[in-house]
Amino acid sequence: MNNRIDMTFERLKKEGKKALIAYITAGDPDIETTAELIFKMIEAGADAVEIGVPYSDPLADGPVIQRASARALRNGTKIKDIMKMVEMIRKNSQIPILYLVYYNSVFIYGVERFMKEAYSAGVDGIIIPDLPLEERGEVFELTKKYGLHLIPLVAPTSHGRIKKIVENAGGFVYCVSSTGVTGERERIETDIKSYLEEVSKYTGLPKAVGFGISSPEMARNIKDYCEGIIIGSAIVSIIEKASTKEEMFEKIDNFIRSIKKVL
Amino acid sequence: MENTTGRFGIFGGQYVPETVMNALTELEREFNAAIKDENFIKEYRYYLKEYSGRPTPLYFASNLTEKLGGAKVYLKREDLNHTGAHKINNVLGQVLLARRMGKKRVTAETGAGQHGVATATVAAMFGLECEIFMGREDIRRQALNVFRMRLLGAKVHSVDSGTGTLKDAVNEAIRDWVARVEDTFYVIGSAVGPHPYPTMVREFQKVIGEEAKAQILEKEGRLPDYVIACVGGGSNAIGIFHPFYHDKEVNLVGVEAGGFGLESTKHAAKMARGSIGVLHGMKTLVLQDEEGHIMPVHSISAGLDYPAVGPEHAYYKEIGRAQYVAVTDDEAKDAFIKLSRMEGIIPALESAHAVAYAIKLAPQLSKDKVVIVNLSGRGDKDVEIVTNLPEVML
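Chains as they are written, first to last, in the working numbering: chain A, 1 to 263; chain B, 1001 to 1394.
Quick caveat, the hints were computed from the structure, so don't treat them as lab data. Incorrect hints may appear among the rest.
Claimed, not checked - Covered, in the sense of this in silico footprint (three residues per stretch, anywhere, with C-beta under 8 Å from a C-beta of chain B), are these stretches of chain A: (1) 110 to 122; (2) 150 to 163; (3) 185 to 192; (4) 215 to 229; (5) 234 to 240.
To be verified - Non-contacting residues of chain B with respect to chain A, defined by C-beta distances greater than 12 Å in every case (computed): (6) Thr1019; (7) Arg1140; (8) Leu1144; (9) Ile1174; (10) Arg1175; (11) His1195; (12) Glu1210; (13) Glu1211; (14) Lys1219; (15) Asp1247; (16) Glu1249; (17) Lys1283; (18) Asp1289; (19) Lys1317; (20) Gly1320; (21) Lys1360.
Claimed, not checked - Sample of chain B residues with no beta-carbon within 10 Å of chain A, all distances over it, derived: (22) Gly1127; (23) Ala1143; (24) Leu1151; (25) Gln1323; (26) Ile1345.
Glycine residues also receive a C-beta, built at the ideal position from the N, C-alpha and C atoms.
Work out the full structure, taking the sequences as your base and the hints as a guide.
Set out below in structure tokens:
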């Protein structure tokens, strides 16, 4: 089966490059601007897009993405709007698209309905930050049924669990850089090299590192040990701070290019 | 009913980020070992007795009983615990466990502030670093407890996200735990959260029901007909219910916060109006909208102002072992005044909900019936909230 995530990592591997996975919260500042921003990020060199489905209680997120979620919900962003937006993007681009979605959103929407509609819209992978190995049974088979990858998350505290977490998984392994929630960090204290080497012992899947990566320097320090970098809060922060749309687009373009250059 | 998988029927589970999964497994292992360890239990019992003042009395409320003219009403006096509420039973258990696990820093969320005060108290006694997460709105309405926590040496963080109440405080405490999981023990205050917390909290609170059962057998020579307790997350209720679980003749009644009434949108009645969802690591009954966003809730009492309920209560409801009713803000305030005037006992506004239901129920029962109300906490902290009532105004 040709999942766009797999094809992208294969292509990048041949090119000797690393993937830039760019996160954005859907509906912040509004769903039309989110779509425009996604096209800007693709143009600037993003290799995959992770679309955050805004949630009232984003437990795994720091203040920046919490605020983005709150803004998106205040202006009434619904799952069906996000599905439509993905459909529209898919008509114009073959970039891999993932959803970052909290489990209650999926559960209430109906797990099968969510996966089916996501697949139909053109989504390739699903990341559920509050659905660990022990609970993913309710979801795993249904993502498979619709050709979606349920992206497994590992953390630096996952000792002894990694083997089971990556078992039967597809797409890539989301390697959480350090303990804590999402958000920019001045530095990452984790010994990334030995952490990612441990993950590699159990899987041949690409590894993408996320949480706290906010600059080209940080991306450069990590990229040799993995196949991809995930950037979220740094992008959302630019969106939050920009006073005009032009400024927002320009800064996003510059930022994505600055990261892509080192990968 | 006994759970090894962390489930109560379909409720419960561990819906949390991967980062804390090993910590939960370790906690479960340590907890299971501790409660089988005689020395641990001995130490726990020692502090319950010598530090908190247990057993708490089961007091026959003769004036209230006479006035209501029906069933005999007994009050389980958890308000007489050190720090003024049942919360310390659980905190002593969890902090002793934290010490056993070598943790130097304890954190807690708090709504009314009673759990925060209990945690700050026990942390002070054992010399542990203590940080409390409390919603902005709750800090405002329970200021007295904030001063107590600070006096005890704890750092109180104001949580501004969401509605600035208990739910948001739990979110922030979990986020902190995800960041500091290696050196921190998160002391959850109610029978909520990911497994093993709901089970652990119940085990550390069931002393309430065990004592009440022995006390009523001694006083009345039989089991009660009703046991009534208020339900926010549900720790005082599960603590008094659980030991009566197999005594089918005992009716268990949980009283949730009806706020401005169930027909309004301002209440915290997840049993009456909630649906199955996932919040704070557990699958349970939740007040949520059609896309699963957690709805703002309201109660005059900060401790009941929570949109979900412990998974064991959701299970008790599902199998019909307990019944859950709602009491409004006004009824709770009325009970607050009545108990103060009739018995000289000022209840916490949370506990006043349970008293309010007893006031409705007792007159409908014959005089040979026996009702136990869990008086989960004392009301000093709430006096300011009711100062606009005519009975209180100078």
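Structure-based check of all given hints:
Counting residues of the region 110 to 122 of chain A whose beta carbon lies closer than 8 Å to any beta carbon of chain B gives 0, which falls short of the minimum of three for the stated coverage. Against chain B, the region 150 to 163 of chain A contributes 9 residues with a C-beta closer than 8 Å to a partner C-beta. That satisfies the three-residue criterion, and the hint holds. Closer than 8 Å: that is the beta-carbon criterion, and the region 185 to 192 of chain A has 0 residues meeting it against chain B, so the requirement of 3 is violated. Taking a C-beta to C-beta cut-off of 8 Å, the region 215 to 229 of chain A contributes 0 residues in contact with chain B, too few for the three needed, and the coverage statement is violated.
Check on the region 234 to 240 of chain A: 0 of its residues sit with their Cβ under 8 Å from a Cβ of chain B, so the three-residue criterion for coverage is violated. The Cβ of Thr1019 of chain B does not lie farther than 12 Å from every Cβ of chain A; its closest approach is about 4 Å, which violates its non-interface assignment. Non-interface call for Arg1140 of chain B relative to chain A: holds, since the shortest CB-CB distance, roughly 21 Å, exceeds 12 Å. Annotated as non-interface, Leu1144 of chain B keeps its C-beta farther than 12 Å from every C-beta of chain A; the closest such distance is 28 Å.
With a minimum CB-CB distance of about 6 Å to chain A, Ile1174 of chain B fails to clear the 12 Å threshold, and the non-interface call is violated. Non-interface status of Arg1175 of chain B relative to chain A is broken: a Cβ of that chain comes within 12 Å, the nearest being about 5 Å off. Distance check for His1195 of chain B against chain A: the nearest CB is about 9 Å away, which does not clear 12 Å, and the non-interface claim fails. Against the 12 Å criterion, Glu1210 of chain B stays outside the reach of chain A, whose nearest CB is about 31 Å from its own CB.
Annotated as non-interface, Glu1211 of chain B keeps its C-beta farther than 12 Å from every C-beta of chain A; the closest such distance is 35 Å. At roughly 45 Å from the closest C-beta of chain A, the C-beta of Lys1219 of chain B stays outside 12 Å, upholding its exclusion from the interface. Residue placement check: Asp1247 of chain B keeps its beta carbon more than 12 Å from all beta carbons of chain A (closest about 34 Å). Its beta-carbon lying about 37 Å from the closest one in chain A, Glu1249 of chain B satisfies the requirement of being farther than 12 Å from that chain.
With a minimum CB-CB distance of about 8 Å to chain A, Lys1283 of chain B fails to clear the 12 Å threshold, and the non-interface call is violated. Remark: the non-interface label on Asp1289 of chain B conflicts with the geometry, its nearest Cβ contact in chain A lying 8 Å away (cut-off 12 Å). For Lys1317 of chain B, the shortest C-beta to C-beta distance to chain A comes to about 19 Å, beyond the 12 Å cut-off, and the non-interface label holds. Against chain A, the non-interface label of Gly1320 of chain B holds: every CB pair exceeds 12 Å, the least being about 25 Å.
Even its closest Cβ contact with chain A, about 34 Å, leaves Lys1360 of chain B beyond 12 Å, as expected for a residue assigned away from the interface. Against the 10 Å criterion, Gly1127 of chain B stays outside the reach of chain A, whose nearest CB is about 25 Å from its own CB. No beta-carbon of chain A comes within 10 Å of the beta-carbon of Ala1143 of chain B; the shortest separation is about 25 Å. Residue placement check: Leu1151 of chain B keeps its beta carbon more than 10 Å from all beta carbons of chain A (closest about 29 Å).
With a closest Cβ-Cβ approach of about 26 Å to chain A, Gln1323 of chain B is found to remain outside the 10 Å limit, as its non-interface label requires. Non-interface call for Ile1345 of chain B relative to chain A: holds, since the shortest CB-CB distance, roughly 37 Å, exceeds 10 Å.
Violated hints, in rising order: 1, 3, 4, 5, 6, 9, 10, 11, 17, 18; the structure is consistent with all others.
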